[in-house]
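Using the hints, build the complex out of the two chains.
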Amino acid sequence: MASVEGCSLALSSMAGARSEIDLAALVETYSSLLFRVAHSALRSRAEAEDVVQDVFVRVLEHRRSLTAVRDMRVWLVRVAWNLAIDRRRRIRPEQFDEGFAESLVARNLPADEALHEAQRLRAVLRELERLPRAERNVLLLSVVEELGTAEMAEVLGRSESAVRALLFRARTRLRDRLEEGECRG
Amino acid sequence: MKNSEEAIEKVLAGLRDTEALAGMEGRILNELEERAAARSRSGWRGLLPVWLFAPARPVAVGSVACGVALAGIFVVALAIPAIRRLGPAPVQARRSSAPVGSPVLGAPEAAAKSSQPASLRFGVRSAGKIKSEEGRNAESAAAGVDSDAVALEEMHAASRPAPPMPLTEQERLLLRLVHKDDPVELAMLDSKMRALQDSEDKAEFQRFFGQSTKQPAPEQSSKLRHDNRRRSKLRRANRRRNRQRQRSQERKSQIRNSQCRSNQRSNNQRRRRSLQINQPRSKQHQGQ
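As given, the protein sequences belong to chains D and R, one line each in that order.
Take 1 as the starting number for the first sequence in the numbering used here and just add one per residue.
Take 186 as the starting number for the second sequence in the numbering used here and just add one per residue.
Excised from the complex, chain R in its bound form (with noise of 0.2 Å):
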């Protein structure tokens, strides 16, 4: 248990009174002057991360750097290809063009020539971007062949007179609807026409309305009859019950009147007996 003990304190205190190598401080002063003074001349490095400029993180540091190169080459390597891509682009455009044979310059042609430098302005662009814009020229130019040609043919088509058109069902009705002189309205301009007209028309006229009345017929007298029966009784209860109103309205106001009369009567005969009352006052009153 001694031994023990003994070794224990001995290692603590050997620990404890483990001394500094000489001149520690002052290796650690410069090291802080220098970062100081380093701090001091770069001010810009205050705007970058401080992790670039740890200085236990050279590592990082130096795997940036390598970052930065691969992307450089990468960058380099896709420009190349481009570049050469760029070159026999006008070649193909000048192939497209070339069937159509017309003198007129097309509008594909001036896209593709137009397009061409504005390509080239640009730079260097990524392959596939470029494959894709040549693959679209080249579209754009075969259409713009097709329809210039079809545009020449027709106007170098000869003129022919249009054909005839077949009427559709609403333009006929249409037709029928705008269409003016028709024939009977024409010999309604003549009077002696019109005059045959109108006579025929009242003979007509008098025919149909005037076998009706003279010559009713059987069903239609029965159901006259009937109706006219109907409208009598309708009328007659109605009068009836105008005259019941009246009577009723009648005896209503002559009660009222026995009413007013009865009262005024009771008024009267109170004022007859407040003045017989009154009287014999005032005969006493003047006797006295």
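This is chain D alone, in the form it adopts within the complex (with noise of 0.2 Å):
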């Protein structure tokens, strides 16, 4: 992890002296990255791997502006936050996750386990969407590792106070709700 920061720095400094970016360094560089960011608000590999594509494709469009961009870094990131978030609201992400859910699953278990785990899971997506769009945007950004609260603050466009309150409402919100669905099944 440290290694990819490093590199992404070296390559912001970079930027500011070239004119032009290399595309291929920073595919190599984010393309991971930016797909983690938006497989974590689609949940679909093939969607997420689409975003990843689009936002290197915005790069290209731009790259003569990209010069005046001060951390290419966050930029990327948030391009693919906005891109992951306009697409969801063409696909819904419900539909992918009982197979998701399904991929968790570890494979030793019997099979009655494994269904019942899989249950699981698909409750807590379930209620993950069903949060406030603010506190599911924040849970699911804090998903990606590399990501931290200022870098998050500056994708969503919210202070590092106000990520830091949402997302423990957002942790405590769904715990509650998965536990109360627990005691009425």
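If you are wondering where the hints come from, they were derived from the structure by calculation, not from laboratory data.
Be aware that a few hints might be false.
Stated by the list, open to error - Just the calculated beta-carbon pair ranges, DEER-fashion:
hint, chain 1, residue 1, chain 2, residue 2, range
1, D, E94, R, I265, 34 to 40 Å
2, D, E129, R, A198, 16 to 22 Å
3, R, A198, D, D71, 42 to 48 Å
4, D, E160, R, E191, 26 to 32 Å
5, D, E28, R, A198, 24 to 30 Å
6, R, S248, D, D176, 48 to 54 Å
7, R, I258, D, A162, 18 to 24 Å
8, D, D176, R, G252, 53 to 59 Å
As the list claims (entries may be wrong) - Some residues of chain D that are not near chain R, with every Cβ distance over 10 Å (derived):
hint, residue
9, H39
10, R43
11, L66
12, R88
13, A111
14, P132
15, G157
16, S161
17, R164
18, A165
Stated by the list, open to error - Selected chain D positions facing chain R (Cβ under 8 Å, derived; list incomplete):
hint, residue
19, L23
20, A24
21, V27
22, E28
23, L60
24, I91
25, E102
26, L104
27, V143
28, R169
29, R173
30, L174
31, E182
Ideal Cβ placement from N, Cα and C applies to all residues, glycine included.
This is how it looks when you write it as structure tokens:
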């Protein structure tokens, strides 16, 4: 992780010196990060890959004006996040929840337990979708480990304290709702 | 509580640890290279709007193409009846010019002849426009035929003297003003007649003014007397005022003269006194 960050810093400093940005280096450096950002919002690998590709197409289109970008990493994450949120309106991530939950279940478990585990994970994902939008966005973006609170705040356009508060509320609300659901069940 | 927390962590870890499909970077780079090459190949596309060439907008491009095709079909559908209508136009013009029967070429005919190739020159037009032009041509042709017939009739008509024109009131007055050789003026040229006229005028003058001077009317004489009295009174009053003014001026001048004299006297007295005072002193000095 530290190597990735160091590379990104080097690239961002080089971008100021060069008139045009090395696109291949950008793809190699940031594609995995952008994929995770997009996947956290979409829960689909194919859709997340499309989002990453769209991000770099944007970079290609605006490569001449990218020298004015202060922090390339945060800028790319913000573009990827906004594209993923746009795509969420067209495709509903709930349709991918079943496959995603099954992929998370351990394969060595018996069938009945695996089914139960998959149901639990689907419930978590369902309750995640029912969270208020700001809280859900903070929680999904916090999944990406490379992003600190300050970067999350910059991507979401909020203050750091607000991000922390939203994250705490999101986790609390999600846990409470899941417990309520278990009690009913 | 523990179960839910574990489930949340598991879901978040699953989201966090998801890896991209193998070869994602290569696919993205290939796609970007293709796009860059396509851009460099078609430089003219930079002049057109970007949304036409965006990869996510094939529907827009298709709709534009469909729109262009529909517009072409619409233009062709309008053009066919317009071309058909252009055919009978000269026939109508010939029919309209036929009843005149004059050997001279009429203006509408010439206009029709000149307008016919012009319409063909412009090629395809809209049906409504052609219809309105045909209507205008027919109207102008009918009007031209009527005016030509009247002009020909007038040209072939026999020439006659102008009928006597009745004079208006203004013309009569003008004639009176301008008219000379009056019988009275002609008669004045004769010296005998003129002398007789003069004598008559003199006698009449004498008759009128002589009577007024010799025998004034009683009313007129009283008025005249009254007027004369008033005038004489006014004159007297004026004279009195003038006299009074003269007297007052004379008094003023006398006063001034007397003042001047008294001043002179006083001055003389002062001089004398001064002289009287100075004389003994001078005598004393001479004595010393």
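Exercise for review: Hold the hint about E102(D) up to the distance rule: shortest CB distance to chain R must be less than 8 Å.
Suggested key: Result: violated, 11 Å to nearest chain R Cβ.
Exercise for review: Go ahead and decide if the range 24 to 30 Å is satisfied by the Cβ distance of E28(D) to A198(R).
Suggested key: holds, 25 Å
**Study point:** Status of the stated non-contact between L66(D) and chain R (beta carbon gap over 10 Å)
**Key:** Holds: least Cβ distance 14 Å, greater than 10 Å.
**Study point:** Beyond 10 Å from every chain R Cβ - status for R164(D)
**Key:** holds, 17 Å
Review point. Is it true that E160(D) and E191(R) lie within 26 to 32 Å of each other by Cβ?
Key: holds, 28 Å
Practice item. Please verify that hint: L104(D), Cβ, nearest Cβ of chain R, below 8 Å or not. Key: Hint on L104(D): holds, closest Cβ of chain R at ~4 Å, below 8 Å.
**Study point:** Status of the L174(D) interface restraint (C-beta, 8 Å, chain R)
**Key:** holds, 6 Å
Check your understanding: Is the nearest CB of chain R more than 10 Å from the CB of R88(D)?
Key -> holds, 14 Å
Practice item. Check the non-interface label on A111(D): least C-beta distance to chain R beyond 10 Å or not. Key: Given a closest Cβ separation of 19 Å, the condition holds.
Check your understanding: Minimum Cβ distance from L23(D) to chain R below 8 Å?
Key -> Where the cut-off is 8 Å and the nearest Cβ of chain R is about 6 Å from L23(D), the hint holds.
Check your understanding: Does the Cβ distance between D176(D) and G252(R) fall inside 53 to 59 Å?
Key -> Distance hint for D176(D), G252(R) holds at roughly 55 Å.
Review point. Would the hint on R169(D) stand, with a C-beta cut-off of 8 Å toward chain R?
Key: Violated: closest Cβ of chain R sits about 14 Å from R169(D), beyond 8 Å.
Hint compliance for this structure: hints 1, 3, 7, 9, 10, 24, 25, 28 and 29 are broken, all remaining hints hold.
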